Each structure stands twice: as C-alpha cells, then as structure tokens.
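Residue numbers (the working numbering), protein chains in the order written: chain W, 5 to 398; chain L, 5 to 398; chain Z, 21 to 376; chain D, 21 to 376.
Treat the hints with caution; some may be incorrect.
[Stated by the list, open to error] Simulated pairs of lysine-lysine, BS3-like, Cα-Cα distance not exceeding 27 Å:
no., chain 1, residue 1, chain 2, residue 2
1, W, K52, D, K347
2, L, K47, Z, K211
3, L, K325, D, K347
[Claimed, not checked] Cβ pair distances, simulated, as ranges:
no., chain 1, residue 1, chain 2, residue 2, range
4, Z, E179, W, G372, 23 to 33 Å
5, Z, N250, L, K333, 46 to 56 Å
6, W, E336, Z, N250, 32 to 42 Å
7, Z, K51, L, P83, 54 to 64 Å
8, W, E336, D, A125, 21 to 31 Å
9, D, P310, L, K333, 38 to 48 Å
10, Z, R339, L, D395, 40 to 50 Å
Worth flagging that the hints you see were computed from the coordinates, not collected in a lab.
Please read these numbers as outputs of a predicted model, since none were measured by experiment.
Yeah, the Cβ is synthetic: ideal placement off N, Cα and C, and Gly gets one too.
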Amino acid sequence: MAKYDTPMLDELEKGPWPSFVTEIKKAAKTNKMSDDELGQLEKSFQTKRGYWKHGGIVGVLGYGSGVIGRYSSLPEEFPGVAHFHTYRINQPSGFFYTSAALKEICDIWDKYGSGLTNMHGSTGDLVLLGTTTEALEPLFAEYSSRGWDLGGSGSAMRTPSCCVGMARCEWANIDAMGICNHMTQHFQDELHRPAFPYKFKIKVSGCACDCVAAIARADLSIIGTWKGNIRIDQAEVKKYADGGMDIQSEIIDMCPTDCMSYDGGEIKINDVQCSRCMHCIAKMTKALRQGEEKGATVLVGSKAPIVVGSLISWVLVPFIKCDDEDFEKLTELTENIIEWWDDNAKPRERLGELIEVKGMRPLLEAVGVDPQPQQVREPRKDPFFFWADSDFEK
Amino acid sequence: MAKYDTPMLDELEKGPWPSFVTEIKKAAKTNKMSDDELGQLEKSFQTKRGYWKHGGIVGVLGYGSGVIGRYSSLPEEFPGVAHFHTYRINQPSGFFYTSAALKEICDIWDKYGSGLTNMHGSTGDLVLLGTTTEALEPLFAEYSSRGWDLGGSGSAMRTPSCCVGMARCEWANIDAMGICNHMTQHFQDELHRPAFPYKFKIKVSGCACDCVAAIARADLSIIGTWKGNIRIDQAEVKKYADGGMDIQSEIIDMCPTDCMSYDGGEIKINDVQCSRCMHCIAKMTKALRQGEEKGATVLVGSKAPIVVGSLISWVLVPFIKCDDEDFEKLTELTENIIEWWDDNAKPRERLGELIEVKGMRPLLEAVGVDPQPQQVREPRKDPFFFWADSDFEK
Amino acid sequence: MSLPERQTDVGPPHFEKFLPPVIKNNYGKWKYHEVLSPGTMVHVAESGDELYTVRVASPRILATETIREVCDLAEKYCDGHLRFTTRNNIELLISDKAKLDPCVAELKEKGYMIGGIGPRISNVIHTQGWVHCHSACTDASGIVKAMMDELHEYFTTKELPNKVRLAVACCVNMCGAVHVSDIAVVAVHRKVPTIDDENVGKMCEIPTTVGSCPTSAIRPNPKTKSVSINEEKCMYCGNCFTVCPPIDIHRPEDDGVAIVVGGKIGSLRTSPKFSKLAIPFFYNEPPRWPKVVDAIKNIIDVYAANAKKHERVGEWIERVGWEDFFKLTGIEFTFQHIDDFTFMRDTLRTSAAFKY
Amino acid sequence: MSLPERQTDVGPPHFEKFLPPVIKNNYGKWKYHEVLSPGTMVHVAESGDELYTVRVASPRILATETIREVCDLAEKYCDGHLRFTTRNNIELLISDKAKLDPCVAELKEKGYMIGGIGPRISNVIHTQGWVHCHSACTDASGIVKAMMDELHEYFTTKELPNKVRLAVACCVNMCGAVHVSDIAVVAVHRKVPTIDDENVGKMCEIPTTVGSCPTSAIRPNPKTKSVSINEEKCMYCGNCFTVCPPIDIHRPEDDGVAIVVGGKIGSLRTSPKFSKLAIPFFYNEPPRWPKVVDAIKNIIDVYAANAKKHERVGEWIERVGWEDFFKLTGIEFTFQHIDDFTFMRDTLRTSAAFKY
Ligand code: SRM
Ligand code: SRM
Ligand code: SRM
Ligand code: SRM
Ligand code: SF4
Ligand code: SF4
Ligand code: SF4
Ligand code: SF4
Ligand code: SF4
Ligand code: SF4
Ligand code: SF4
Ligand code: SF4
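Take these sequences, add in the hints, and give me the full structure.
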C-alpha cells in the first residue's frame, strides 16, 4: 500500500530505539486501516493536533465494556480509520503467554482489525488497536470461544493487573498472580457490565517494590508484606562485602528506620523498628530474606489528577493474610469497599475522591476495620473533629 | 473583702508553681472587682462553664480598638464584674521596663481597675484585666499623657511584638526591637482605628530560633538571617570537645543539610549547602557565629485554625536587608502587602486565607517580588496551572 | 480631681528609655552567653561587658502588689531594670556580677521560682479561660497551674533532651500557641450548638453566620428567619457562636480538652511543625484536671526516655514514627486521630512501609 | 464462514496454562536472582533450578508481524514461553542455560535491543497520543521514541544511581504513570476552551459539565442554554471537554508539554512520592521534540553526577533541596511552579531555613 508520504514520521524510524512507526508501516504493508492510521498520524505531526472524535458507545452484545469507540474526524480523507475502535483483551495475570496462544490472537486480529496492538495498555489489557463496529461481534466470537474474554472500560471494574510475583520473584509475599486471577474471575459481571459510579481498578504487587505500581494507580492496591524477623545469611553478607559493596553507606545508612547495624562482619537488625521498606533486602537479595509470616497491606484510592489532583493510595488494612484459603476474605473486603463507594459516590467520583469528601471513618466502619496508627503518616493537625453517638458510650 | 468561699480555687493555691489564684486573692483583698471575679471564677470551676457575655463595643474617644468589652452574665450575683473590660496597653518593644514605669502603671490601674494584669497578653500587650466603661476615658487620659498608648484589637493592625534581639542576644541578625518599634509607630492609625477586613499581626524575631514565634502567629513574620560563611573559632571548638560535647552526634549528624564535617580536631562547613537553620550555632555559641551580611526573611500568613485550619507563615521574600536605613523599605513592603489584602479579602478573611484562595502569584506581583525556589518546599504536584497573558510574551 | 491631657497615637514609649546602660553600650554587639544555672545566664559582649539575667516564673496573672514587689527587687539589684519574656516570665537584668547571688537568694527566700533557661520546660503560653473570656470551654490558668505543679522540677532543675514548649488554649480560637507547641492542651466541644431562633433573627447577620462555618454545616432557614445546622457536618468549632451569640455551643457536661503534641516553631534542624492530635478528649475536671496532667507527664517521661539529645518532641516522634509514639505512650488511637479536614490528603499514609 | 460459538464471562485464561515447567515447579519458591548483564538475569529456586530471562525493548505498539517474529524466537529458545513486563518490555523465559547466549546473539543480530534490568532506564510508560486518542494534546509514542533514541545507552549499558522511571502522558488525564515517575512528560493546554453554545445545548448535560470543572470555573448560562467559563479560574485541564465535546480545548499553536520529576512508586527507603513540576512548558515540536529531549537529558546528567548510589531522582532532590535542583539544572523557576491548587498549603515553604 504505502499510500502516504510520511516525511515527519520517517524521522522517527531513525535512531536506535525500536520504532513504533516501523511497526505501523509493517502493518500498513497489508492492512488498509493501518495505512490510513499512518496517513492521519502524519497529518497530526504536521499540524500538531489529533483527528479523533469523542468515542461513541460501541460494544458486543450483553457487555457494556471492553471496547473503546473511536472515529476519525476526517473519515473522507482517511476512510480506513473512519471507525478505529480498540478491543481490550483481558490479559492473563502476569502477562504470561505461549507463542501458540499469541499467534492465534494475531491471526484473528489480522483478519478483523488493523494488525496493530498495544502490548499492553496501561491498565494491563492486551489492546488491539483499531477495528470497525461490524468486526466487533465476530472478534468476540472468535476470541471468547478460545477463552479470551474482554477487559474492562467505562464505569465498571477495570481489568485487574499484577506483578510477576511468585512466578519469578523471590520477594513475593503473596501470590500476586493468583489473587489477580481470582479477583478477575470473581468480578466478571462487574467487569463487563458498567454499573458503578465510575471506574474501579485493582492492582496487586508481591512486595513493597510495587512493580505494578499498584499504590499509584489503583482504587484498590494490594501489596505483599510480612511479619517476623528478616532472615540474615551472614556468610552471604560477607560475600557482598568482599565483592566490594559498601554495606555501611549503601545499606545501613539508607535504612529509613535506622534499625540496622554492621560491625564490618555481621549485619544486625532490630526488627521491631523495621518498616519493611524492602531496601536492604532488594540490594542484598542473597543475604537477606523477609520474615516468614506473609500477608498483604491493603490500600485504597489512588488515581490520576482529574478532578482534584492525583492521589496515592492510603493504607486501609495494615496486614491481612493472603494464602489461597484467604482469597475469599479479600474478595469480600473488596465487595464491601465497592458497596460503600457505590452507595455513596456521585457519578464520576472515584473511591479516593469519595474518601476525601467523607473521611476515612465511614469506610473503616463499613468494612469493619479498626482505626490504627498505621493508617496515618501523622494524626490530624487541627482541633476540629467529629464525635459519633457511639463514641459517647465509651 | 473575701466575700466568697472558694474551695475549688483554694486547691490551686497549693503546690509549688506560682498561683494565679493567690494573685487574684491579693487583688481581691482591696478590690471589689477582683473579689467578684474570684467569686464568679469559683462558680465556673464548680459548674464547668464561663459566665461572660459576648463583648460589646466599648472604647475610648477617637479609637476603635484597644479595649475588649466584657460583661458578666450574672451581674446581679457578681456586680463587681458586671463590666469587666480589658485595657490593652501597647508594651515597649522587647518588654523592657523600669520599676518606676511599672509602678506608675500599677498606681493608675489600682485607681481605676481590678488591680489584676496579664504580663503579657499573647499578642504582646500589657493587659489590664477588668475595668468599667466609665473608667476607660480617665484611664486613657492618665496613661496616654504619660506616653502609654493603647494596643490593637478588632479588625485592625494588632500590637507588633518581637524577641529581645540585639538588646541581649548574640544571634540577632536584625534589630528586632528597632523594627518592631518602627512598625508600631508607623502604623499608629491602623492600630487604633479598625479599617481592615480582619486582624493583622506583625512579629519580628532576630534569628531562626524565632523566640517570639513569629512564624506561627503573625500575618507578617520577619525573621533575621544572613549571607556569607559561618565564622568558626576552632580553638573554641576544641574547648567544647574537651568539655565533653560529642560534636559528631550532637552537631554534625544533626545538621539538616549534611554540610558539616568534623575530623576530631576542626569543624568544616560547606557554606553553600548550609540552610542557616541555626542548630550548630545555637549549640556551640562560642565557636560558631553567623555570616556577616545580615538581613531578614519575610514570611506571611500564619494564624490560628479558624476557619480552615491553622497556617504557618510562608516565605515571601527570602532575603531583605534590614539595617536602620532599610526600615522604610520594610514598612513599604508591609503597606503593599496590606493594600493587596485589604483590596481583596472578604470580611474576617486573614492574609493567609486570602493567599490560599488567590494563590501566591497575585501577592508576589502586587509587591514586586520574583518567584524563587526559596518560596516553596517543593514545586506543585498536579499539572494544572495558570498562564497570564504576560507569560506568552516571553 | 482633674485628669491630665490625653494624647493620641503616641504609640508605646521607645524601648531605649528602659534599657540598662550595659545594654545601650553593647546593643547589637553581644558575643556569646553562658547558662550558669537553670535560672541564670550571662551574656558577654564583644567589649567584654557582662549582663546577668535571672529568670523568674510568673503565673502571668499578676496583681499590682506582686508587680510592685518585683519592682522593689529590681531596684535593689538591677537599678530598676527588668523585662518580661515572650513566654511571660520575669527577667531581672543585673549589670553588677556581685549582685547576682544575693538577688537569687532573696528571690528564693521570698518564694519566687527561678529557672526555665536551657533544655527545660519554661512557662506555659496560655489564654484567658473562665477568668475572662466568653468563649472559654475550659479554664486555662487552672490547667497551667495543675500541670506546672507536677512539672516544676523541669523548670527549676531537671534537664530534657531539648526545650519543651507547653501551651494551653481555652477554645479552638487558640489564642495560645497551641498549634505549634511541643505539647499543648486545647479545649473542645463535642456537641452541635443549639440555636435560639428568635434572637438569631434579631441579633445576627445571616450571611456572616452561614459564612463562618468551616464545613458549610450552616444553612439559612427562611421559615424561622434563623439558620439551621446540619448535624452530620458540624464539628463543634464554635465559630458560629463567635459571630452569632444566640447560637450556643457550651455544654459543660460534654465539653473538655484535647492534647496535641509535636509542634515546633524554630527552624533549627527541621522545619517548624504543627502540633498533632495525641489524645482527642478528657472531660473538664476542675480544679486540677488530674487525667490531663497525668497524660502530659506520661508523654514527657516517654520523650525524655527515648529522644536523642537536642531532639524536640516532634523531631523524636518523626524519627521513630507515630506508630511508635502510640505504642510507647500507650495512648489509644481513635477515629478522631485520622484527619478528615484540610490536611487529610497529606496525612493519610501513602506507603506500604510502616511499623506495626 | 461460520463463527465459533461465543462465550461470556469466561474471563482471561488461567495463567498456569502459560507457565514454563520450571516456573510451575518452583512457583513461590525462588531464592534469589542475579543480574548477568543489563538485559539478562537468572532466578535461582530453593530447589536449585534456574530460570534465565532476556529482556527486550518494545515500542509497545507492535504489529502482528513483530509479535510472530518474537514468538518464533521464543519457540526456538524457550519452548514458546514468553511474557511482557509491567513496563511493556518483552521477556524471553529460558529454562536451559545453554540457550541463553545463542538467544541473545540472535536477538541482537535481528536488531532487537536488550537491556533495562538493574539501575537503568527501562521502557517508558506511555499512552495513545495522536495515534488513537481524541483527548491527546501531544503524541506520546513520538516523544518516547525521540527520548529513548537519546537515552538508549542507559537501557543497554550505562548505569545510573538507581532505576529511573520515565513516562509520557498525552493529556492531564494521565493514563501513563506520570504522577509518580522519576521523570515524565505530560501534555498541557494553556488557553481557555471555546464553547460551541448550540451544540452544548444539544449534546451535553449542563450539570455534569458544570460539575466536571475542578476550579468551579464553569457556570450555566441560561441565556444561551449553554455554559460560560470564568477565564480567571480556568486552568485548562480539559475535563469539561471530556464530558462535553463541543467545548473545545485544543489549540495547536499554544499547546505543548510540561516536564515533572521526582516521583517514585516503591516504598523502599522513602515513601512513594508524587512527581513535581520541573519545567512548565515546551511547545510541541514534532517529530522529535528536541528541547524536551535535551531537558530530560540534562536532568538525568545532573542526577547521575550528584545523587548517591541507590538514590532515586526524588530522593536526591529531597536531600539536596529543590533550591539546589533548580540551581544545578539551570532550570528557571516561574510562577507556574508555585502550587495554587490542592497541595498549596503543604508545598509553600514554612521555614526560615533554606538554601539560597
Ligand atoms: C489505553 C489507555 C492508555 C494506553 O495507551 O495504555 C487509556 C486510554 C484512555 N483513557 Fe485512560 N487509559 C489507560 C489507562 C489509564 C490509567 C493507568 C492505569 O489504569 O493503570 C489511568 C490512571 C489511573 C487512574 O485510573 O486514575 C487512566 C486515567 C484516565 C482518566 C482519568 C481518570 C481519573 O479518575 O482521573 C481518563 C478520563 C476519563 O475517564 O474520562 C481516562 C480516559 C481514557 C480514554 C478512554 C479517553 C476518553 O475519554 O475517551 C482513553 C482512550 C484512548 C483510546 O482512544 O484508545 N483515562 N487511564 C490505558 C488503558 C489500556 C488498558 O485497558 O490496559
Ligand atoms: C487576650 C488574648 C489571650 C491571652 O490571654 O493572652 C486573646 C483573647 C481573645 N482573643 Fe485571641 N487573644 C490573644 C491573642 C491571640 C493570638 C496569639 C497572638 O496574637 O500571637 C491568636 C492566634 C494568632 C492569630 O491571630 O491567628 C489569637 C487568635 C484569636 C482568634 C482566631 C483568629 C483567627 O483568624 O483564627 C479569635 C477569634 C476572633 O477573632 O473572633 C480570637 C479572639 C479573641 C477574643 C477577642 C474572643 C472574643 O471573640 O471576644 C478574646 C478576648 C478575651 C478576653 O475577653 O480578654 N483570638 N488571639 C490575646 C491578646 C492579648 C494581647 O493583646 O496581647
Ligand atoms: C528570653 C527569650 C526571648 C525574649 O525576647 O523573651 C529567649 C531567649 C533565648 N533563647 Fe529562645 N527565648 C525565648 C523564647 C523562645 C521561643 C518562643 C516560644 O517558646 O514561644 C522559641 C521557639 C520555640 C520552638 O521552637 O518551638 C525559642 C527557641 C530557642 C531555641 C531553639 C531550640 C531548639 O533547638 O529547637 C534556642 C537555641 C537553643 O536553645 O539552643 C533559643 C535560645 C535562646 C537564647 C540562648 C538566645 C541568646 O543567646 O540569648 C536565650 C536564652 C535561652 C533560654 O531561655 O534557654 N531559643 N525561644 C524567650 C524566653 C521565653 C521564656 O520565658 O522561656
Ligand atoms: C519485570 C518487572 C515485574 C513485572 O511483573 O513485569 C520487575 C521485575 C523486577 N523488579 Fe521491579 N519490575 C518491574 C517493574 C517495576 C516497577 C513498576 C514501574 O516501573 O512502573 C517498579 C516501581 C518503580 C518506582 O519505584 O517508581 C519497580 C521497582 C523495583 C525496585 C525498587 C527500586 C528502588 O530502589 O527504588 C526493585 C529493587 C531493586 O531494583 O533493587 C525491583 C526489583 C525487581 C526484580 C529484581 C525483582 C526480582 O527479584 O525478580 C526484578 C528484576 C529487576 C529489574 O528489572 O531491574 N523493582 N519495578 C517489571 C519490569 C519493568 C520493566 O520492563 O522494566
Ligand atoms: S513487586 Fe516485589 S514480588 Fe512483585 S515482582 Fe516486584 S519485587 Fe517481585
Ligand atoms: S527493610 Fe527497610 S526498614 Fe527494614 S531493615 Fe531493611 S532497610 Fe531497614
Ligand atoms: S530569635 Fe534569635 S535573636 Fe531573637 S532572642 Fe531568640 S535567639 Fe536571639
Ligand atoms: S546552620 Fe544548620 S544547616 Fe547550617 S551548618 Fe549549621 S546545622 Fe548545618
Ligand atoms: S482561646 Fe478562645 S476562650 Fe481562650 S482567650 Fe482565646 S478566644 Fe477566648
Ligand atoms: S460549631 Fe462550627 S462547624 Fe458547627 S455549625 Fe458552628 S461554625 Fe459550623
Ligand atoms: S493521557 Fe489523555 S490523551 Fe493520552 S490516552 Fe489518556 S486520555 Fe487519551
Ligand atoms: S478546562 Fe478545566 S478548568 Fe477550564 S473550564 Fe474546563 S474543566 Fe474548568
């Protein structure tokens, strides 16, 4: 094909980093939609503006979400992208695939869509980038029959996502992938049929490194942690020292709670003071391992800045067990949180925003969690506070 | 007199700390007002509530401020405090007196008032506690003729106040008492005739120790500081060490900018990194002295929590010279700040609250100060910000 | 008896009139000071001149009789020169070293308390209370006296890691420096105010009253020509009562005080800090508020035992974390501790790292 | 051609289907890992089993052709097992150590870029841009490509004090993790939107539109049956445009991007941090946004030269202070840097101690 001259985009095929333009061109060789995508994108680069209209509501039968409607504002000039919807496939937890599975996905996509993907979208979906309204039902039949369901969109539960966790990480305190998959399956109805005040995101990280950025961009952030003493292998400590690590400055001095000491031979940790920040363990993985009682901290409310500024999630439950048999407790907690939010939020009000309006107390009471110093960085500053009738009974 | 049994208050004459009850009783021996004050106070202690009405507007001719009207809600029971207004005498800067001056004040007060004082009120005034409406004019004649004017109250400039500064402190970077006195004299009209949206307080401290708490409770907080290197007397350093000071842990490790070092003999300071926090100087006053170019940081906006929470003052001008010949510059700056506030504030809106509503920019522009990193702890977090037409010209 | 002729706008006397010669001569030229005892210090000027200060505790409410007595002492030892401190202590300013010891001796003999200099507890900043203010929800002087009777040794002798600044405010207007104190008491209400509709109509400006409420709990009520309060939103600040007296916030049986901790004014080491809520409520228990006094004593003891030298209360707490503060002091953490006001976003914990 | 029978609510396939045997056998039983090179690492299980990972850069927009090519390589070296990372890199999962070097060699030969592991720059989290989103105020993929062409050595070889997480978002909806990134680009408008009154009346819910504005700049306009915007209050967030398309915020000649720095997600050492504004504006300069790229390069250079080992960008800045950040980078401080939004109270400086 190559219907278009793309002098500007061609500039972005130069240079060492893999080029998205090259990818679009690859698809455009055989795919008219991708070719028009290329043309319209070149025009955007020339004029410094996008040419997409607000998405209309499109989808597959019985579902309210999973597809982002997208139409070109220049359908005559670029007919191939007149419709250019994205189709969000719910990724397998941890983003694991086999080549066979991926190739199958590609084959179907080449048949009905642009041949372009996002591996993956920021929420976590395997995003198929650009198709027509008519193709949606066939795509759904092809994919769902092979076990690939749609992800979330709109005012619904969004596709949960997680770090690689126990599959390939020595620091996983919880089965992040197992929890993520469990949640995804548990909330299928909520994922596919928008009935919430706004979007609701869940992300699960195995430890405080938080490799899926759960604390920053999920209404519900589940982060693995532990109780008990950090296990120290002093022989390995010695190897790090011998290997040239400056244990004093790199580890001891950087411990935020000042609870470590090193005498040139052994590391000592005053574990009651440890905040389980993961620094020492991450930098000395062979020598230090977390304590043995594993669980998670549950935090709530993070989101992007619209409307009143971005939020980072706040601690709701400092420690909760998360072994396989505890998964139901987690989903129950999640349901209670969602119920409180659903009952109280205005349209387009995220969980974090609602908490800012109502305060933490009603949520804590709704989910039956006691107030604890772990939930705050520091107590309130001003002498203005509420008393409930129940407080007077004490 | 001793008209009243005061079993509760009597409890507060026990114990080693000087007793205010004893003071009231001293006055009550000869003063009917104080005696009824004692009686009413005992009743408050018995019933756990005050018996004062909202103050009415009382004052002296030509003034709108300086007197706090106060009436008992039980005038029949306690006729001596039916009127019990406070008369605020503007203290001399630095709270210096001679015994002669104080005795004169006492003589007049015994004649017209309760014989009770607050030495001093929280704002800084010499507070005479309790007199009648009829006594106000005579009091004013007696005091003003002897050079004792009234302090502020109501929606006016309030009595400026300062630390002891150059009078008795080696760390005074600015003449706190000189500035305070100059401001007080300059703003006489504003002090005595309430014409502001609300109160406006000025406090001046000679250094970052801030012994008058300027940063916490003044709409305008002036705090002395310096430029140039901290002067070190290494011989005195040695004496501190010899005297048993652990210089490493008490000084070096506590320096917030990590800009000091000590090799067991000499202290070295990387002055460009010093934030002039005063810690090292305060703890080693014989060995360390501030740099030689003196001036002040001007901060604005602190106040108590009503309405939207307490504020600590914010840096407006990082460094301004404050030698005698600069006093006019300071009053001019103050006038400009007040003018902006007066023009923009709603009734009962303090400067800090107005800044929170309008942002710092309009104030900075009104007083002609450039934006500087010193004005913020950190830049804004969210990508929402304004552009003025003038910004586009650049 | 005729009155002298009144003068206006003369302002206060210039401080110079009251300075002792040693200060005039060395104004701005002090070199260093030394703390000689918990209540005495000497300042040495570049010139070598010396000024001795004796700091004397004051209940702040002073009868003229007491002021005269102190003035007599000042005449005897200081050529009549004295001052007050920003925390309401009295300072006798002695130029002649020989007079220092006799002065201290006579002060002690007369029952004055000397101290408050250095890493100690000095006087308590406080407010009017039932003594003079209509807004008072507790008595300030009473609590101060009860507290300092218990803590006086920290004024006269004992050292602490650093200065500990105490304050008491008798309502949330907080005329005392409660919001930036190491440890402070602030009186709080806990019940929604009652409204005397008839008088509100007569005595108050409705828009001002509505506007006075930090949480927008107050609405005009056209039916009663008064206002009504949304009970869910009111957090009993009493500001409506300040602007409109017929709205009554006082409820003696439910009122009391909160304790806040960790505030700090100076910029040394760490930035100035607001005080934060430690204990949300104690009932008023005049005359000696024993539970309040015990609670403060406890916090000071835990601080003294755990802080590093030079650490202020708030610096110590921030180093060990508030989790530890509650654990070490044994104070219960409640819903009231969790901010739901203007600093909420910034004070809720946004980290997976914390202590149990 | 008949379609297979559709199924609903099956959810995604269980991940177990896709795990290589070495993972199944050692699930939850990993002991440690070692970084072998900037793009390869080995995880060792308690059992002694080993799993080798090769991390390959991806432009995220992948054509099916490329996916198939990678799948072929996975078949050759990994029994078909591969995964993607949370930052959109591709990871080949090798169970047989002998296949590691040949795999790396073939990848390199085919032009793939290997790296991103350890204290480096990994892939850039980004969003749709002009490629697919109606809201885009810049192009995300374009900026990412231009940036990474300049910075690729920090992916493939060079080390930094710690990981540096980059992100790009094409509007303030910030679908990329811009608000918590070490260094990020976010597109911003600078002019008040225009209103197509006629269509607003037809297409939009007025209360929703009014409610969408963070600064209450929008009022219903009964005359036009549309809305009007208070120019003084609007800070061009575009949220009104999101809920009501006839309000147009796009202004190609005035739009551009801001750079934010110092965010952080993990709780290691210091709490997660929001990114803060470093440079309020650059014009869009497609195709390579040279000024943006230079500015980011500069920040990284200054960070590399000044931070301590293991310090993230935000940790370094907080240690030295923002005064130093602006001084060292030479970035101009403007009115835009001073918060006048929700964090204002907490970000203005409340201390007399700071650096010049
Ligand atoms: C595709 C994706 C960006 C990407 O390139 O990866 C995306 C794309 C859009 N996002 Fe997003 N968001 C995507 C992840 C996010 C994230 C990150 C995350 O989920 O971890 C965020 C920040 C976290 C959060 O939820 O706060 C995010 C915050 C938003 C917002 C702001 C929401 C808020 O409450 O502040 C909007 C605005 C809205 O909902 O109207 C938005 C809206 C949109 C819309 C639907 C714009 C619109 O109004 O039509 C974009 C559609 C683009 C398109 O045409 O394809 N998107 N969006 C991501 C979803 C792919 C996937 O399913 O995997
Ligand atoms: C006497 C004094 C307390 C004391 O015992 O020392 C005092 C007493 C009162 N203050 Fe105050 N304030 C006093 C210093 C302060 C301070 C401290 C300061 O000035 O350094 C503050 C906190 C700083 C500030 O201004 O924010 C303070 C913050 C308030 C407020 C809250 C103002 C605000 O914007 O939040 C009010 C409420 C009001 O103005 O309606 C208030 C109101 C009052 C009133 C007038 C209450 C009223 O509505 O009638 C009190 C009169 C008491 C009486 O009957 O004698 N007072 N007030 C202090 C003045 C003495 C003097 O002139 O030296
Ligand atoms: C007399 C007085 C000034 C006045 O004009 O009246 C004063 C005088 C001195 N102060 Fe102060 N300060 C005075 C109130 C304050 C205040 C204000 C307040 O408490 O409301 C503060 C701020 C407190 C805060 O940060 O919360 C204050 C924070 C300091 C500090 C900082 C302590 C620290 O490390 O945080 C020092 C330095 C030191 O102690 O090492 C200091 C040091 C000093 C020195 C040593 C200064 C000097 O070289 O003369 C003076 C005697 C020290 C002493 O009392 O221990 N002064 N000092 C005030 C005495 C009040 C009293 O009766 O106790
Ligand atoms: C593969 C991946 C998880 C996944 O499920 O896909 C992953 C994997 C690992 N991370 Fe991560 N992290 C991954 C995203 C993240 C993220 C999320 C993000 O960037 O959006 C973070 C949070 C970043 C932040 O704090 O802003 C993250 C913060 C860390 C940290 C903390 C670094 C620090 O000191 O601040 C460590 C520990 C370390 O590096 O010492 C870590 C360590 C690791 C280890 C060493 C864990 C292990 O033992 O296997 C893994 C390889 C290290 C490496 O890449 O250097 N990982 N890691 C993600 C790779 C993304 C990529 O393609 O580069
Ligand atoms: S979040 Fe923790 S458990 Fe998960 S991959 Fe990262 S380091 Fe491993
Ligand atoms: S996990 Fe963090 S807090 Fe705990 S010992 Fe290690 S570095 Fe210190
Ligand atoms: S503020 Fe500074 S100059 Fe003033 S008395 Fe205190 S220490 Fe001295
Ligand atoms: S004044 Fe403060 S910042 Fe400066 S050297 Fe001394 S302790 Fe450090
Ligand atoms: S704190 Fe309240 S009650 Fe006490 S003096 Fe001030 S206004 Fe009156
Ligand atoms: S007490 Fe305070 S919060 Fe309650 S109604 Fe009155 S002003 Fe509002
Ligand atoms: S950041 Fe904005 S423009 Fe970019 S994909 Fe998200 S909504 Fe669209
Ligand atoms: S762009 Fe944002 S701030 Fe401006 S009117 Fe629209 S919603 Fe309000």
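Hint-by-hint comparison with the structure:
no.: 1; hint: K52/W / K347/D; in the structure: 33 Å, violated
no.: 2; hint: K47/L / K211/Z; in the structure: 23 Å, holds
no.: 3; hint: K325/L / K347/D; in the structure: 23 Å, holds
no.: 4; hint: E179/Z / G372/W: 23 to 33 Å; in the structure: 47 Å, violated
no.: 5; hint: N250/Z / K333/L: 46 to 56 Å; in the structure: 49 Å, holds
no.: 6; hint: E336/W / N250/Z: 32 to 42 Å; in the structure: 33 Å, holds
no.: 7; hint: K51/Z / P83/L: 54 to 64 Å; in the structure: 57 Å, holds
no.: 8; hint: E336/W / A125/D: 21 to 31 Å; in the structure: 51 Å, violated
no.: 9; hint: P310/D / K333/L: 38 to 48 Å; in the structure: 44 Å, holds
no.: 10; hint: R339/Z / D395/L: 40 to 50 Å; in the structure: 42 Å, holds
Violated hints, listed in ascending order, are 1, 4 and 8; each of the other numbered hints is respected by the structure.
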